[in-house]
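Student: Here is how the chains run, residue by residue.
2 protein chains.
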Amino acid sequence: MNVQDYMVQLGQQARASAKVMATATTETKNNALLAIASALDSQREAIIKANQQDMAAGRDNGLDAALLDRLELNSNRIDGMIEGLQQVAALPDPCGEISDMCYRPSGIQVGKMRVPLGVIGIIYESRPNVTIDAASLCLKSGNATVLRGGKEALHSNQAIAECIAHGLQAVGLPATAVQVINTTDRAAVGHLITMAEYIDVIVPRGGKGLIERIANDARVPVIKHLDGICHVYIDDRADPEKAFNIAFNAKTHRYGVCNAMETLLVHAAVAEQTLPRLARAYTETGVELRGCDRTQAVIECQAASEEDWSTEYLAPVLSIKVVDDMQAAMDHIDRYSSGHTEAIVTEDYTRARQFLAAVDSSSVIINASTRFADGFEYGLGAEIGISTDKIHARGPVGLAGLTSQKWIVFGDGHVRK
Amino acid sequence: MNVQDYMVQLGQQARASAKVMATATTETKNNALLAIASALDSQREAIIKANQQDMAAGRDNGLDAALLDRLELNSNRIDGMIEGLQQVAALPDPCGEISDMCYRPSGIQVGKMRVPLGVIGIIYESRPNVTIDAASLCLKSGNATVLRGGKEALHSNQAIAECIAHGLQAVGLPATAVQVINTTDRAAVGHLITMAEYIDVIVPRGGKGLIERIANDARVPVIKHLDGICHVYIDDRADPEKAFNIAFNAKTHRYGVCNAMETLLVHAAVAEQTLPRLARAYTETGVELRGCDRTQAVIECQAASEEDWSTEYLAPVLSIKVVDDMQAAMDHIDRYSSGHTEAIVTEDYTRARQFLAAVDSSSVIINASTRFADGFEYGLGAEIGISTDKIHARGPVGLAGLTSQKWIVFGDGHVRK
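In the order they appear, the protein sequences are chains A and B. For reference, each letter of the first sequence is one residue, going 1 to 417 in UniProt numbering. For reference, each letter of the second sequence is one residue, going 1 to 417 in UniProt numbering.
Misleading hints may appear alongside valid ones.
No copy is singled out in the list; a pair is fine if it fits within one copy or between any two copies.
What the hints assert, rightly or not - Below, simulated EDC-like cross-link-like pairs (lysine to aspartate or glutamate); rule was C-alpha separation at most 16 Å, straight line:
#, residue 1, residue 2
1, Lys-49, Glu-307
2, Lys-242, Glu-125
3, Lys-151, Glu-125
4, Lys-417, Glu-212
5, Lys-49, Glu-162
Just so you know, the hints here were simulated from the structure itself, not pulled from any lab data.
Produce the entire structure from the sequences given, and follow the hints as far as they go.
Tutor: Laid out in structure tokens, this is it:
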């Protein structure tokens with residue numbers, strides 16, 4: 001079968017399965033998640049063996065250590081996948097949730113019911129545990145899924161796919177409710193992102209390059225997660241202790257994450273009070289500092305170039321800029337931010353309200369670390385990604401982000417007058 | 001200036017205006033709406049004169065009577081536009097609405113704030129009053145707008161655009177917050193729907209052909225309103241009086257609207273009891289009936305062809321099918337519905353719940369007319385269209401559909417542990 005026919009077949013099967021999934025009971029979906037967990041547990045050896053094939057091929061193809069680490073599956077990581085499935089099974093079912101019911105003057109009662117989106121396509125890179133992550137969230141939210149993992153993880157993903165199919169069948173759901181594309185042909189992605197009749201939304205998980213490419217070529221809506229160039233602004237009315245703690249935590253808690261601070265903005269009036277202590281702490285922790293002229297007048301550091309302001313380091317590097325006031329900080333954010341997460345540290349009520357209202361990012365934070373911008377921290381229970389889009393889902397996307405709402409009307413024979 | 005440069009300039013101006021609009025106060029936005037209303041009132045003559053130019057050109061170009069009627073502006077219709085502006089001014093401001101605030105175990109308080117989408121592109125056909133409709137909803141929801149009306153209405157739209165600019169400036173808002181494209185060059189639309197850096201979402205208003213073309217070529221998200229092939233299913237457990245009233249109202253209350261019933265599905269067990277009375281009423285009202293074989297065995301009517309089941313008549317024509325049971329009705333809907341609105345008439349609790357859960361349309365109605373699927377009837381106060389998409393906005397789209405939600409976090413120096 002050629003790749004187009006193969007993808008159309010996958011799409012048709014997904015569309016048919018989506019209808020079954022949309023009305024599957026909460027119990028059935030939870031049982032499926034637990035049955036998949038059991039299958040992973042009993043197929044540990046087969047999965048690890050398949051993964052070793054991928055690892056060997058990866059080494060032969062010269063994958064670097066970081067990529068090999070992301071590719072590797074061991075018993076611990078399989079435990080992690082099993083735990084993830086159990087956690088998703090424990091979450092409330094978003095489907096069927098009815099809200100905003102009210103009576104209208106006409107006498108009808110109207111409200112909304114949460115329903116699955118339909119078929120979700122997930123495109124991701126090397127980590128095979130994303131297969132379970134993504135499949136479990138889509139399954140719980142009543143959607144069918146077509147998964148396309150990285151070519152390096154093909155054997156691992158196929159082994160995991162067998163466990164998923166086994167779990168679905170064990171509870172009487174169609175095995176095609178979760179399908180993992182079994183070809184590394186790049187044309188498969190081209191079909192996946194353009195088959196609007198079979199796929200309702202694409203969620204790409206990976207680097208900015210991958211996501212931009214997909215968004216550019218897609219004819220299906222894409223929930224994008226581009227980069228996280230996050231800012232912390234320390235106002236001259238900031239509590240110094242809070243400012244220190246937040247600025248330090250936002251940069252150093254973890255480096256390779258999208259909600260880490262990449263640029264620190266400091267009000268000129270408190271630069272001398274704030275920066276030396278922070279610079280010592282950063283330097284001791286191994287963070288390289290790159291500052292504007294005014295920063296360099298206060299602390300010793302590299303000069304920041306224009307490029308620094310729009311760079312997502314994902315590394316122990318921080319750019320620092322001294323600004324005249326909050327408006328200058330907001331102007332900088334407006335120009336360079338990727339719209340992911342920005343924080344202000346201030347005790348000033350009016351400025352806090354202004355910053356909250358005016359900053360156009362998916363998370364706006366007052367007096368807390370940017371690292372809180374996360375589905376688990378926000379109480380979503382799980383996260384398929386963080387959307388930097390404004391349409392449909394913005395910020396951390398949990399189960400609700402994989403659903404839609406339809407209007408429901410209850411009447412008693414009502415007609416329009 | 002060539003059309004591309006012109007569109008880029010419009011886009012840049014819209015993007016800059018959007019920032020101002022996003023933080024404009026409710027009072028300022030309402031004052032702008034009322035100032036636009038005043039300008040329309042005082043510019044009545046100029047608007048009607050401009051419209052007469054369009055009408056004369058339309059007649060010369062052989063526009064049919066229906067199109068000419070939609071194109072015409074008179075003092076009554078200008079009153080309607082003024083009233084519309086006053087109604088939108090009276091609606092609650094969706095922007096800044098904070099919801100779902102809760103404390104997390106970490107100590108942060110997290111919730112959502114409603115914010116504008118940014119820049120909205122509206123593409124529509126001949127009716128010039130859409131210019132005011134669309135502009136007022138986008139303005140109230142804090143967005144900048146780029147409007148592209150039908151070429152037949154160019155002079156009318158330019159006259160209205162002057163009133164809008166005047167109203168915006170009168171309250172200190174940028175005149176470029178609402179821009180009406182002043183060229184009939186079709187290339188302008190091509191730029192509008194692909195300038196993702198300047199336009200956040202496109203709302204096309206018009207026929208299915210226009211919308212499909214736009215959705216196909218757009219690189220900007222599109223809120224689509226395709227056709228309304230709406231069904232009413234009369235169950236064998238229906239109350240006969242309710243069934244009669246609903247089926248009659250859903251077809252005959254208005255013909256040219258998307259939420260009118262196009263196909264009636266009747267349970268075989270009640271076909272003989274239900275159809276003759278309905279057929280008499282429809283026929284007396286001038287509705288042409290086209291039925292399946294089993295329908296023709298009960299009432300006299302034309303034979304329905306396969307094509308009838310997927311036709312949006314927008315006219316006094318109704319297709320009728322007798323089905324074996326609710327499942328057969330839902331299968332028919334699943335196959336032929338456009339996903340707009342479906343209704344069931346039944347007194348059976350379990351079937352009502354099943355129909356509600358399983359039918360995948362933007363409105364699902366129990367024991368009421370499909371004609372209720374409407375932003376005003378649902379209490380949205382106004383409506384920019386009815387979305388048959390599942391992403392972002394589904395069903396009637398009011399002010400909230402033109403906004404997004406960002407996450408907001410309040411802390412007191414909180415950091416991630």
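Student: With identical chains treated as interchangeable, where does the CA-CA distance between Lys-49 and Glu-162 reach 16 Å or less: within a copy, between copies, both, or neither?
Tutor: within (14 Å within a copy, 71 Å between copies)
Student: Cα distance capped at 16 Å. Does Lys-49 pair with Glu-307 within a copy, between copies, both, or neither?
Tutor: neither (45 Å within a copy, 55 Å between copies)
Student: For Lys-242 and Glu-125, with the copy left unspecified, which applies at a CA distance of at most 16 Å: within, between, both, or neither?
Tutor: neither (38 Å within a copy, 56 Å between copies)
Student: 16 Å Cα cut-off: does Lys-417 pair with Glu-212 within a copy, between copies, both or neither?
Tutor: neither (50 Å within a copy, 33 Å between copies)
Student: Which holds for Lys-151 with Glu-125 at a C-alpha limit of 16 Å: within a copy, between copies, both or neither?
Tutor: Within one copy, since 8 Å is at most 16 Å while 47 Å is not.
In this structure, the hints that do not hold are numbers 1, 2 and 4, in rising order.
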